[in-house]
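From first to last, the protein sequence lines are chains E and Z. The first sequence runs 1 to 380 under my numbering. The second sequence runs 1 to 271 under my numbering.
Simulated from the structure, these hints should not be mistaken for lab results. In this text the structure is predicted, and so the values were computed from the model without any measurement. A few of these clues could be false.
Below, simulated SDA-like cross-link-like pairs (lysine to any residue); rule was C-alpha separation at most 20 angstroms, straight line [what the hints assert, rightly or not]:
hint	chain 1	residue 1	chain 2	residue 2
1	Z	Lys12	E	Phe209
2	Z	Lys8	E	Phe209
3	Z	Lys8	E	Glu205
4	E	Lys5	Z	Lys8
Sample of chain E residues lacking proximity to chain Z, with all beta carbon distances greater than 12 angstroms (derived) [to be verified]:
hint	residue
5	Leu8
6	Val54
7	Phe58
8	Glu62
9	Ile68
10	Asp118
11	Glu224
12	Arg343
Computed beta-carbon distance windows for the label pairs [as the list claims (entries may be wrong)]:
hint	chain 1	residue 1	chain 2	residue 2	range
13	E	Thr38	Z	Asn63	54 to 60 angstroms
14	E	Trp131	Z	Val258	19 to 25 angstroms
15	E	Lys182	Z	Thr130	52 to 58 angstroms
16	E	Pro202	Z	Lys244	53 to 59 angstroms
17	Z	Arg179	E	Arg116	52 to 58 angstroms
18	Z	Asp3	E	Glu318	25 to 31 angstroms
19	Z	Asn63	E	Ser134	28 to 34 angstroms
Beta carbons are placed, not taken as given, at the ideal position from N, Cα and C, and that holds for glycine.
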Amino acid sequence: MDRGKRVLTGTHFMLGNFAVVEGALAAGCDFFAGYPITPANEISERMAERMPRVGGRFLQGEDELCSIYSVTGAALAGARAMTATASAGYNYMQEGIGYAVASEIPCVIVDVQRCRGDNYATQADVMQMRWGASGDHEMIVLAPSSVQELFDHTIQAFNLAEKYRTPVVVMSETTIALMREKLVIPEPDAIQIINRKKPDVPPEEFYPFQAGPDGVPPLPDFGEGYRILHSLNPHDERGDIQWDPDVFEALYDRIVGKIADHRDEIVQTEGFFLDDAEMVLIAYGSESRPALDAVELARTRDIKAGLLKLITVWPVPEKEIRALAEQASAVLAVEMNMGKYAREIERICCGLCKVIRVTKNLGSVHTTNEILQAIEEAGH
Amino acid sequence: MKDNPYKKYLRKGTLPHFFCPGCGAGQVLNYFLRAADEIELDFDRLVAIGGVGCTARIPVFMNVEALHGVHGRTLPWATGIKLHNPELQVVIFAGDGDAAAIGGNHLIQAARRNLDVTMIVVNNLTFGMTGGQVAPTTPQNLTSTTTPYGSPERPFDLCKLAISAGATFVSRWNTSRSRQAARAIKKALKHRGFALVEIVCQCVTNFGRPALSTSDPVKVLEWIEECSCTIKEASGLSEEEVSKRFVLGDFIEKSEPVFEGSSVYRPGEGA
Chain E
1 MDRGKRVLTG
11 THFMLGNFAV
21 VEGALAAGCD
31 FFAGYPITPA
41 NEISERMAER
51 MPRVGGRFLQ
61 GEDELCSIYS
71 VTGAALAGAR
81 AMTATASAGY
91 NYMQEGIGYA
101 VASEIPCVIV
111 DVQRCRGDNY
121 ATQADVMQMR
131 WGASGDHEMI
141 VLAPSSVQEL
151 FDHTIQAFNL
161 AEKYRTPVVV
171 MSETTIALMR
181 EKLVIPEPDA
191 IQIINRKKPD
201 VPPEEFYPFQ
211 AGPDGVPPLP
221 DFGEGYRILH
231 SLNPHDERGD
241 IQWDPDVFEA
251 LYDRIVGKIA
261 DHRDEIVQTE
271 GFFLDDAEMV
281 LIAYGSESRP
291 ALDAVELART
301 RDIKAGLLKL
311 ITVWPVPEKE
321 IRALAEQASA
331 VLAVEMNMGK
341 YAREIERICC
351 GLCKVIRVTK
361 NLGSVHTTNE
371 ILQAIEEAGH
Chain Z
1 MKDNPYKKYL
11 RKGTLPHFFC
21 PGCGAGQVLN
31 YFLRAADEIE
41 LDFDRLVAIG
51 GVGCTARIPV
61 FMNVEALHGV
71 HGRTLPWATG
81 IKLHNPELQV
91 VIFAGDGDAA
101 AIGGNHLIQA
111 ARRNLDVTMI
121 VVNNLTFGMT
131 GGQVAPTTPQ
141 NLTSTTTPYG
151 SPERPFDLCK
161 LAISAGATFV
171 SRWNTSRSRQ
181 AARAIKKALK
191 HRGFALVEIV
201 CQCVTNFGRP
211 ALSTSDPVKV
221 LEWIEECSCT
231 IKEASGLSEE
241 EVSKRFVLGD
251 FIEKSEPVFE
261 GSSVYRPGEG
271 A
């Protein structure tokens, strides 16, 4: 393997955390910062080896705050920047993520979820990723379920971050991060790269926070002569700090709207056996794997079960879930926590069908049999 | 009336500034612009960073690329910017809360790495914007809104801290010494490596009143001056005496390799 090559085209048997690194590099990532934390360390270690050899910069921050803020700083200087951490470290990063949302800084954050204080499997951060940062905001969070998807989703995360000028989270898990699986890396030309919009007018005519219908203002790099003030405080289209309620409202409407109004373009799901499904499982991340096995087994027992696998957990695939709730007799919310995303599903399905929680937070994914049993019980 | 010659460096529409009457933050902005003007700093390549607080507002008034609004994280921002584009000149305006309290570890690490940035610490000895709470820099026994019986804590000497952590240019002045302060900033801007200039500054509203029982800016300036001495003057004083003073002067200026990242690959070297 040529460690000095940016895209390692070919078929690999690779660790999930390494696949994240390869996805990032394939997506053009040229700045990485991280602080040691298990089970995300392999991301930093491989970045430290690979990044300087492909012309990027690697920083081991003194803490997670240094990591997230150096990422936002580098991004404003023009970098495609990423950091990686695990649950407890993500807590610290919330401050910087909130800043990146409000100042509209494209960057990618990988959270390898772990149990509180230990490294067992969990999906308990799913709400933290949505709601943890202060202030009104939307988040884009992708939930890979395999080593291949860790690679693919990391590339997508960069593209979404650049397109919508916002932080995007890759919601990894101990299970897939520390698992080795087949990974196919395509040729560089086959990898789609979306870059941030740049201004098409000179600095004197440029309003740095004025956006077209997509709600996303162009973003020049530091040093290109645009001299922009990036403040967390409410700012008008020129970037001047303004406390006028109208300015505040217009700014937040736009920052929230640029994602909320493009849900249909952002949201991705994958359906299995859904056409005639009466029992619909909804799962994301590693839990979608035993869920699919259980659906297939249920089908052999003449139970009309199906699976909606969420690739985008945030924004919520509301339309897709509602359509299934109208069709199904029961929706089963499968997740590896005490029932968090289940609340979203219950909200959307309310009055349309019953929702059964299939949740546990015992440090391991559900077994196929546990889920199958839940499907069978739901039928009674 | 003659216009201030440095007004051309200000962002349009930002005046009048928001500092209290008698505040020294505007003086520091003036000293910086004087220094930048004298060395003909390229304002298109300049990134000015403020955290949160009164000092943090200084970059908001400057017509440059500016970051503002997060407490204590000025140096992490600067680290990312400087690593990605070393051609940019990065200047940080940090209050003593930003530098010595919430961002203290970032200061230590940036100094240790010899990150190539200029950090101007406006030390007003208090948390001014939030109402005059005790800071890690508040002199012992003085009262603040959260030390109504006098602060029992020993204050930080930020210059000593920066020097021990590895900063390669360190200087301290106060707002009364305009020429020296501007000269120190000029040296810091020209310095390659981590340069820290501390400027002891009067906060009339929220330090003068609780700590010195005065809201007269001149009295606060005089008090700072009385507590100040030069490095040379300090050499004749006892350690205890010096610990109560703001020692003014250039403490260190040396050349060391600057930070390029935590993992640097040079072909032909290492694995």
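Consistency of the hints with the structure:
no.	hint	verdict
1	Z:Lys12 with E:Phe209	holds, 16 angstroms
2	Z:Lys8 with E:Phe209	violated, 23 angstroms
3	Z:Lys8 with E:Glu205	holds, 18 angstroms
4	E:Lys5 with Z:Lys8	violated, 47 angstroms
5	Leu8	holds, 17 angstroms
6	Val54	violated, 9 angstroms
7	Phe58	violated, 4 angstroms
8	Glu62	violated, 4 angstroms
9	Ile68	violated, 8 angstroms
10	Asp118	holds, 26 angstroms
11	Glu224	violated, 8 angstroms
12	Arg343	holds, 31 angstroms
13	E:Thr38 with Z:Asn63: 54 to 60 angstroms	violated, 46 angstroms
14	E:Trp131 with Z:Val258: 19 to 25 angstroms	violated, 40 angstroms
15	E:Lys182 with Z:Thr130: 52 to 58 angstroms	holds, 55 angstroms
16	E:Pro202 with Z:Lys244: 53 to 59 angstroms	holds, 55 angstroms
17	Z:Arg179 with E:Arg116: 52 to 58 angstroms	holds, 57 angstroms
18	Z:Asp3 with E:Glu318: 25 to 31 angstroms	violated, 57 angstroms
19	Z:Asn63 with E:Ser134: 28 to 34 angstroms	holds, 30 angstroms
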